[in-house]
Amino acid sequence: MNMLKALEEVEQVDGDAALLTLGGYLAEAGYDFITPTPLTHQRNLDRRGGPAEDLRDIFGWNRPFTAERLPDTLFATLGAGQLITEQAPGQWRSLVRCSSLGELRLLHSGYPTEAADAVFFGPDTYRFARCIRAHLEARQAPPARAVDIGCGSGAGALVIATACPQANVWGTDINPSALRLTRINARLAGAANLTPVASDVLRDLRGEFDLIVANPPYMKDPKGRAYRDGGAGMGSQLSLRILGEAVQRLAPGGTLLLYTGVAIQAGEDPFLGQARQLLEAFPGQWRYEELDPDVFGEDLEQEGYAQAERIAVVLLEVRRQP
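Here the sequence shown stands for residues 1 to 322, numbered as in my numbering.
Since the hints were made in silico from the structure, they are not lab data. Even for Gly, the Cβ is constructed at its ideal location relative to N, Cα and C. Careful, some of the hints might be misleading.
Said to hold, decoys possible - Quick list of the computed label-pair ranges, beta carbon to beta carbon:
id, residue 1, residue 2, range
1, GLU298, PRO89, 47 to 57 Å
2, GLY49, ALA266, 35 to 45 Å
3, GLU317, ALA27, 28 to 38 Å
4, GLU137, PRO322, 17 to 27 Å
5, GLU298, GLN87, 24 to 34 Å
Sequences and hints are given; from them, build the entire structure.
This is how it looks when you write it as structure tokens:
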């Protein structure tokens, strides 16, 4: 189905319809873009000035573009859906980006992600997705009930939902923008088994789960942005809260995959020490792995990181006994 032809007889387009049209158009065009870190993104923008030349420039690198770079119907649809902004006369910029994740294409916030309700996508998303896929491949049976806590763009939940079409999958978030994009991305992926739910961690979702995954914010953010700020303890507070609450909601034999970041201090991992205390009486097994020893090094210059020597990303895998 040609998404642009389907809109030619539609007089009014809301934001959701515009997002679906954009996602469908990019899929038909064979769009592909791997999203790097914000620092690498900015370096690429600095290398080459001028307006966008193709779809990757517009919806990946988020460069300014002129209207003739897009089909008239698509340009009008994006304007009607308030997904583009005119930043200079005749120069437009998309307010959303699109990233590839395997066979999936996910819409998320434009660059830079400065807004309090921004929906982030980047290298952590790719590592998180790999951890989920590895777990699913190793399981003896697919999960029947799964949830992605702090789902953001819906990436983790979609990895589960598309790999396990018989599973009931939920994505929780406190950010309405994240829930909206998760809903849109699920529709674009044909994942009818994924349901976005407004919930603070698991507070507003009932029952036990065979699989719980989470890639929460883990930085200390001076601006307090929800997608980035992990709270006290140099960003570890939210991850520890998720650990404490999620293990209580695991079904027998259920697994928690917690992908997070740790500010290493004097060679010590304070998050691991606190996690060990929380899991001391847990009826099951757990393992802890440092996936990357050095991420977001530029943030060590930020206020609050004076005692940190590096920031690592880790995976904590917790399995309740059957």
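Hint by hint, here is what the structure shows:
For the pair GLU298 and PRO89, the beta carbons lie near 34 Å from each other, so the given range of 47 to 57 Å is not met. Take GLY49 and ALA266: their Cβ atoms lie about 44 Å apart, and the range 35 to 45 Å holds. One distance hint, 28 to 38 Å for the beta-carbon pair GLU317 and ALA27, holds here, with the actual separation near 33 Å. At roughly 20 Å, the beta carbons of GLU137 and PRO322 sit within the given window of 17 to 27 Å.
At about 26 Å, the CB distance of GLU298 to GLN87 agrees with the hint of 24 to 34 Å.
The structure shown violates just one earlier hint, number 1.
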